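Novice: Spelled out, the chains give:
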Amino acid sequence: MNTAVPALTQRLRVRENQIFLALTIVIAVLAGLAAVLFTLAIKGVSYVLFGIAPSYLRLLAVPPLVSLLTGFLLLKYFPEVRGSGVPQTEAAFHLQKGFIPGRVAFGKFLTGALCIGSGHSMGREGPSVQIGAGIASSLGRWFRLSPARARSLVPVGAAAALSAAFNTPIAAVLFALEEIIGDMNAGVIGAAVLASVTSVIVERAILGNQPLFRVPQYHLLHPAELLAYAVLGIVGGIVSLAFCKGLLRLRAFFLGLPARTKLFQPAVGGLIIGVMLIFVPQVFGVGYEYVDQALNNGLLLKTLILFCLAKLVATIVSYASGNAGGIFAPSLYLGAMAGGAVGIMVHRVAPFATADPGAYALVGMGTLFAGIIRAPMTSVIMIFELTQDYQILVPLMIANMLSFMISRRYQPKPVYHALLEQDHVHLPGPASRIAGGMWRARDIMTPDVPLVPSDSSVEEAWKLATGSGMRCVPVGSDQMLHGLVTCEALEQAVGSGRTTELITSLFLPEWQHVHPDQPLELVLERLKQNPGILPVLSRNPIHHVEGFITPDSLMQFLQHAWQPEEKNGG
Amino acid sequence: MATLEICPKCGGRLSAGLCPNCTEYESRTAHRDVLLLVLTSMLAVGIFLFTRAMAGKERELDTRVGATWFRAGQQQLQAGDLERTIASFRKATASDRENRTYSLALANALALAGDDPEARQILLNLREATPEDAEINLQLARLAAKRGDMEEAVRYYRNALYGLWTGTRIDEQRRNVRLELIQFLLDRNQRNQALSELLILTTEIPADDTVAQMQVAQWFLQSGDPTRALAHYKRALDLERNNPAALAGAGEAAFQLGNYALSERYFEAAAARGFNQDSTLQLLTLAKTILSHDPLTPQVSQEERRRRMLGDFDHALERLQSCLLGAGPNPKGNPDSALNELKVEALAMRPKLQRDARVDSEQLRAGLELIFRIEEVTRKNCGETGGLDQALLLIGRKHTEASR
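Protein chains in written order, with this note's numbering: chain A, 1127 to 1696; chain B, 176 to 579.
Among these hints, one or two may not hold up.
Sample of chain B residues at the chain A side, in silico, Cβ under 10 Å [claimed, not checked]:
no.	residue
1	A230
2	E273
3	G289
4	E293
Hints listed in this document are in silico derivations from the structure and should not be mistaken for laboratory results. Computed from a predicted model, the values in this text were never measured in an experiment. Beta carbons are placed, not taken as given, at the ideal position from N, Cα and C, and that holds for glycine.
Working from the sequences, and respecting the hints, build out all of it.
Specialist: Set out below in structure tokens:
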């Protein structure tokens, strides 16, 4: 046998490994620099737009005017860069083989700097993640890496950018694994660590070794204090829930408005923020200086509560109205305020010695992060990295877990995934990601079922349905599924003389679907709940039909699947 | 069976195990990758330099903004507007986080406004970077002192003493810290610690500074070291012989040493120079009473000694009897057995003293010792009295301690 083929393959693989390694470092440097430049740009924009001591008029006028400009840019040129950037990066990694268009990084940088610099209550970490991932994806394409390699560069770029933006290299790696990839055992971990460390070195070489916050010394003064941290976990869970629900509802409201209003929606958000800035200027932008104050016991109870509520509203408004910016920093801000408030109250009523409210603010940051972002491991390690104190781990884990559990109980979808679903993108769940060698919906489906056009009358649909021999017909157009109608409903409608009615009036109110990568087990479960047909829809866009699964297609698949086995057995 | 020799890269036929297309392709792409790597690296270097320049510019801007807010804060502080001062100093600190002066000013303003926990946190953060900074340690010591945390206050005061000071008047700054520490220790009745600091201070204060000498002398007095106190008052008087406060202080030191004659002289000199504080005049009166009633005063005739002894004895006996009768406050409400025993002892001694025309020194000391015991017990049982009883107590104490 000729050994040249494997030798050549091996040689190509080795070369690609070397390029990947070199590219990891280059990406880390570029993503780190982009994150630093992004931070500087936000500050620069803020100085230019507001000066040192802005007047009320300026505070009121700047956010809506800038949002009008960014609204135009987001609508016309960069529709993919609204909001945080983390969900978009996740979608690119899972659904688009890591493909992020080159303009995304630039667009995110520009609109993000303008939105956050003009006072919108949003964070810079999410946008940095998208910028870093965008740079990585573009470089992967330029170097013509294999699709798998190019895809694995996305979390590498994300980790590098987050590491530079938040100055916590270990947490950045965990974030990339836990949130972007959704798998803590991902093979890309080595490259992510290398990138994260390289990028933080670059960041420190430019901005110096100053930490983001003056972190107080942490002490657990009494074992009973753990109960107080449990209370903080519950409070954190409730605030997380309020934030997620509020954000999703207001965003759904904005998304439901007519398309012609899209250009002005960010400006409406800007106007609300402008009014808020007059009364509570502390909600401006990222707001880490107030987090710092809360950590150092610099805020009174009523101030902490006011800031927490104002930031919650401001961030929801800024994000839901379609501006560009993240929720990473706001979740830390909310956590610091809520934690500080709980700390002060505990300090007042506890019959035992308790730590300073600053310590609670610190734990609160992790608690809200776990509740909102739903990355509990990242939140623990991030706060640990900030404090570098083992003592904080147990209280942090207690508070984080409670907050995480409460938030998950009442808002089962993580906020990033729910935001994507509002944009008609369904990310694969853990089952779909790990079902390596299993049969999936794409193996079972048949693409041959025709769609009944949405503008058909009941009579037309009835004719088509009787010819198909199916219990239920899919309705839609241009390969986009709009709904399902049962033949039973059609028959009743025809029988009662409603033949001229539109078919859409007979849509089933609820029906199940699957995505092509979902496993057979889920297919069977969902097929059981539908009337004889299970649509297989694309993850992005969600209504695009890939095929259908019917009992017949399932039987055919099973016969084919077992044939070779039977032959072998025979 | 012959293996199909297909190139995994381009799908072309292999020749002798090599793909003519891909060998060229591979070499071409390798060159391209290296070139791209070099180009992206150069791009990264360029962006790095640009970012560093931008960061430098922004830092300059931050510095200017920080300075503006700091100046505004200082003006607001002078105008007494603490709330706005703190807000301005906060903005200064947020703009220029590396500037320690701003952080220190913010901590001081917060401490002035009573927000000690945040002030302390800021100082602790500053101290983490420069644990040897004397100014930060001093502020931390003051906050600890305000909080009543003795141990922490002393530790930070000492850190400040041995820390690094900036400026041209380092000795003076260090001395002032020690003065502050001593005052703190004396306020909390830590005399031994205060004494040890005072002894170091005596080597630091200038010999020609009257005020400093008087201050040290006063602290020695408070610390229970009247000998050194008197020495420093004398040094102050050498510099300003008519300083009435120094004269009064020296009188008090001499009084505490039991040198009532010297004390009387100093007090009188102070009074003659217009120093008429009540406490000083009371001590002068007491010194005069002691001097006129002490039977062991040198250069006093035997007759006078006997007269004084009898007079003092009768007064003490009278005090004892009135105490026994309940004239004075008796917390127990019944005669103490010690009082009765003393009465028996006194009544036995009284005729002996009256009978002997010449009272020898042994008898005098025995009599004084009994008077001292009577005064002590009556004071304990029937409360303090002023005037002669206090004088007798001091006379008795002086001679009893001397004989021991």
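Novice: Now tell me, hint by hint, if it's right for this structure.
Specialist: Each hint, compared with the structure:
With 10 Å as the threshold, the beta carbon of B:A230 comes within range of chain A, its nearest partner Cβ sitting at about 5 Å, so the hint holds. A least Cβ separation of about 7 Å between B:E273 and chain A falls short of the 10 Å threshold, and the interface hint therefore holds. Interface restraint check for B:G289: the shortest CB-CB distance to chain A comes to about 12 Å, outside 10 Å, so the restraint is violated. Below 10 Å, beta-carbon pairs count as interface contacts, and B:E293 has one with chain A at about 4 Å; its hint therefore holds.
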